[in-house]
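J.: Take a look at the letters that make up each chain.
2 protein chains.
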Amino acid sequence: MTIDKSHDLFRFELEATDGAARVGTFYTPHGPIHTPCFAPVGTQATVKTVTPHELEELGAELILANTYHLYLRPGAELIARMGGLHKFMSWDHPILTDSGGFQVFSLAHMRQVDDDGVTFRSHIDGSEHRFTPELAMHIQELLGADIIMALDECTDPKDRAYNEMALRRTHAWAERCKAAQQRQDQALFGIVQGGIFPDLRAESARFLAALDFPGYAIGGLSVGETKAEMYATLDALMPLMPADRPRYLMGVGTPEDILESVARGVDLFDCVLPTRVARNGGLLTRHGRINLRNTRFAEDPSPIEPGCTCYTCQHFSRAYLRHLFKAGEVLALRLATIHNLHFMLRLMEEIRFHIRAGTFPQFKEEFLATYSLPNQTIRHAQMERRRAARGWDNRGQG
Amino acid sequence: MTIDKSHDLFRFELEATDGAARVGTFYTPHGPIHTPCFAPVGTQATVKTVTPHELEELGAELILANTYHLYLRPGAELIARMGGLHKFMSWDHPILTDSGGFQVFSLAHMRQVDDDGVTFRSHIDGSEHRFTPELAMHIQELLGADIIMALDECTDPKDRAYNEMALRRTHAWAERCKAAQQRQDQALFGIVQGGIFPDLRAESARFLAALDFPGYAIGGLSVGETKAEMYATLDALMPLMPADRPRYLMGVGTPEDILESVARGVDLFDCVLPTRVARNGGLLTRHGRINLRNTRFAEDPSPIEPGCTCYTCQHFSRAYLRHLFKAGEVLALRLATIHNLHFMLRLMEEIRFHIRAGTFPQFKEEFLATYSLPNQTIRHAQMERRRAARGWDNRGQG
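Chains as they are written, first to last, in our numbering: chain A, 16 to 413; chain B, 16 to 413.
Calculated directly from the structure, the hints in this document are not laboratory data. Since the structure is predicted, the reported quantities are computational estimates derived from the model, not experimental observations. Heads up, some of the hints might be wrong.
Note that the list lumps identical chains together, so a pair holds whenever it fits in one copy or between two copies.
Claimed, not checked - The calculated DMTMM-like cross-link candidates involving lysine to aspartate or glutamate, where the alpha carbons are at most 20 Å apart (straight line), are:
id, residue 1, residue 2
1, K341, E72
2, K102, E314
3, K173, E244
4, K242, E72
5, K341, D140
6, K341, E92
7, K102, D200
8, K193, E28
Please model the complete structure; the sequences and the hints are all you need to start from.
T.: Right, dumping it as structure tokens:
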């Protein structure tokens with residue numbers, strides 16, 4: 016059934032549901048996106064360590080690039096002169112750019128927000144810059160992604176007073192972004208904010224729905240609140256999100272967060288998790304995450320995950336991969352990235368299959384039963400510490 | 016014409032000559048090697064940044080791995096238990112291992128040489144180790160490469176007294192290596208030493224030829240002597256090397272050194288140059304080396320080398336590659352490595368073509384006329400300094 020054909024270039028066809036979970040297709044100028052979809056993160060116009068050709072072979076349909084990083088280096092004007100982001104990075108499929116807001120609020124230095132915009136200093140060289148809704152749109156139009164984001168103010172999700180104030184600004188900025196949009200070949204998404212407060216989320220969903228965006232993002236989750244708070248916020252919010260538009264949960268997430276969010280009606284995801292943990296030796300398997308730096312893998316002749324069909328598992332043992340990590344070989348980062356992206360993209364494929372088959376709840380339950388959550392949280396913290404100590408370039412998001 | 020069938024597994028068929036330059040095929044248990052051949056260096060059981068699949072696609076037939084590095088980490092016994100080096104690194108084509116001698120004499124700490132062997136401390140953890148000819152053979156038999164090297168003593172090529180003394184040891188060790196060899200599916204090469212002294216080189220060639228190795232290496236060149244000294248040494252030595260066996264010039268080299276050495280009858284080469292300079296932004300072109308970090312490439316939409324058919328040149332601009340290098344993205348290292356290996360392997364293909372066609376001298380002259388030597392030497396020194404300052408893992412050889 017086609018729910019909405021009003022946006023010709025960006026129509027969203029909802030094809031099947033299983034409870035609140037949905038399967039659909041979002042059409043863009045660079046091809047269709049089959050939802051629920053996971054977008055690998057290519058912060059600096061590259062999904063770290065892999066080529067566009069490998070991403071195609073892995074079945075990635077959509078990638079994310081970060082406006083903040085590309086604006087600072089090499090510059091959006093330069094990318095526009097080189098023919099736009101697709102041509103620059105040789106990726107002829109859909110791209111999504113964020114507005115730069117999240118990075119301004121999390122990476123940049125000495126930021127000052129006012130109703131008109133936000134002034135900040137570059138994390139690279141300390142130079143001063145200013146983003147306004149109009150400039151965030153202009154930069155994203157120079158980059159030329161298929162899906163672009165309104166500028167929003169990112170908050171501590173638990174601070175009520177701050178969220179009330181920031182929400183007014185985010186809504187005003189959404190209106191200004193819509194008014195500033197000039198290119199018609201880009202889908203501008205509004206971003207629902209409101210922290211963990213159901214009434215603010217509801218207000219935001221209503222306000223943005225009235226502006227009739229071709230898609231809606233959910234911002235400000237998975238940024239410090241508990242899992243229970245995140246899921247409760249989605250429980251309250253999702254029924255209020257327009258059903259005929261794609262719903263994009265920004266910066267999420269882990270396999271378990273994706274399953275829980277799909278169950279609540281989310282269609283699009285992006286997250287640095289699979290690529291970032293890969294570069295720390297963290298490999299995703301159906302039985303949770305393992306770290307290949309561990310001594311117990313030193314003479315393990317089996318692949319990362321027996322039965323996995325990715326290039327890495329088809330050709331290399333855990334023992335060899337551990338050797339590459341211990342020896343500091345960059346090939347390790349890449350082989351691990353390939354496996355983790357394969358894992359996430361196959362997971363999305365299975366999710367779509369089970370929603371169509373009406374077996375998504377059972378699939379989700381079975382997956383979560385074997386994917387051991389507590390261990391993983393501990394390992395994640397350990398890996399983040401090791402990563403910081405090791406100093407491979409991790410300043411980006413991907 | 017088949018010159019020698021006495022070594023069944025390792026016969027060398029000489030197929031064409033042009034002056035002293037020769038085209039042939041060296042047969043190994045893992046496939047034929049078409050000579051003149053350039054072997055990419057995979058120090059730690061990986062040609063840095065690229066997969067075995069990519070090496071195959073690039074047309075690499077032989078790769079080198081370093082016994083010293085693999086002995087220290089992950090250990091030759093471990094690799095043997097994992098099925099040997101070919102299986103461990105998923106490379107089902109010919110491999111050559113050196114004896115470890117060169118690294119002991121260049122990388123290891125506090126080495127002490129005596130007639131029986133050499134004691135040294137690991138550059139990784141300072142632990143003490145000892146190589147003897149017998150142990151160098153044992154380690155290489157555990158690794159299981161197709162071509163293995165006798166242990167030799169590496170010298171300052173200009174020190175006459177040291178070379179006289181070391182040569183006696185190198186010859187005695189060559190005899191002991193031959194006696195210690197147990198596996199018959201590995202070709203053990205003797206290594207001709209003697210510095211820049213024609214009489215010592217002649218003595219070494221005669222001594223080793225009498226031991227009837229299936230192939231001969233030339234050690235101790237391109238390690239500090241001038242180009243003129245290196246070429247003069249080859250001029251004196253090459254006519255004395257057995258014509259019916261492959262001749263391997265270790266650690267060489269630059270495109271111009273390879274052309275000059277092929278012209279004097281060398282068949283096999285290995286060198287870290289194309290892979291190491293790639294990781295510094297140094298790209299090989301028919302008009303010399305360029306460095307992509309240079310500002311003049313910031314908005315250059317052309318590929319590294321117009322007309323080049325490598326994956327990198329087919330998909331990416333100099334502007335994009337420069338962006339990746341400036342942003343510290345590891346994909347930069349890999350895309351540059353692919354181009355440089357493609358450049359070297361296509362050069363070897365052209366060399367073989369022109370020897371068969373009888374046009375090698377003209378090809379060499381034309382190539383060298385456009386490949387600007389003086390600039391390059393200066394750039395090389397600059398890049399080596401920058402590399403040292405930047406601190407990507409360069410402790411290996413590859």
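J.: Now, for every hint given, state plainly whether the structure supports it.
T.: Results for each hint:
In the homo-oligomer, the alpha carbons of K341 and E72 never lie at most 20 Å apart, since the shortest distance is 28 Å inside one protomer and 27 Å across protomers. For the identical chains of this complex, K102 and E314 are inter-copy neighbours only, at 13 Å across copies versus 43 Å inside a copy, given an alpha-carbon limit of 20 Å. Only within a single protomer do K173 and E244 lie at most 20 Å apart by alpha-carbon distance; the minimum there is 9 Å, versus 74 Å between protomers. In the homo-oligomer, the alpha carbons of K242 and E72 never lie at most 20 Å apart, since the shortest distance is 33 Å inside one protomer and 46 Å across protomers.
Only between protomers do K341 and D140 lie at most 20 Å apart by alpha-carbon distance; the minimum there is 13 Å, versus 32 Å within a single protomer. For a Cα distance limit of 20 Å, the shortest separation of K341 from E92 across copies, 17 Å, qualifies, whereas the shortest one inside one copy, 41 Å, does not. Proximity of K102 to D200 under the C-alpha cut-off of 20 Å is restricted to the intra-copy arrangement: shortest distance 16 Å within a copy versus 50 Å between copies. Taking the closest pair of Cα atoms, K193 and E28 never come within 20 Å of each other, the shortest separation being 23 Å inside a single copy and 72 Å across copies.
Violated hints, listed in ascending order, are 1, 4, 8; each of the other numbered hints is respected by the structure.
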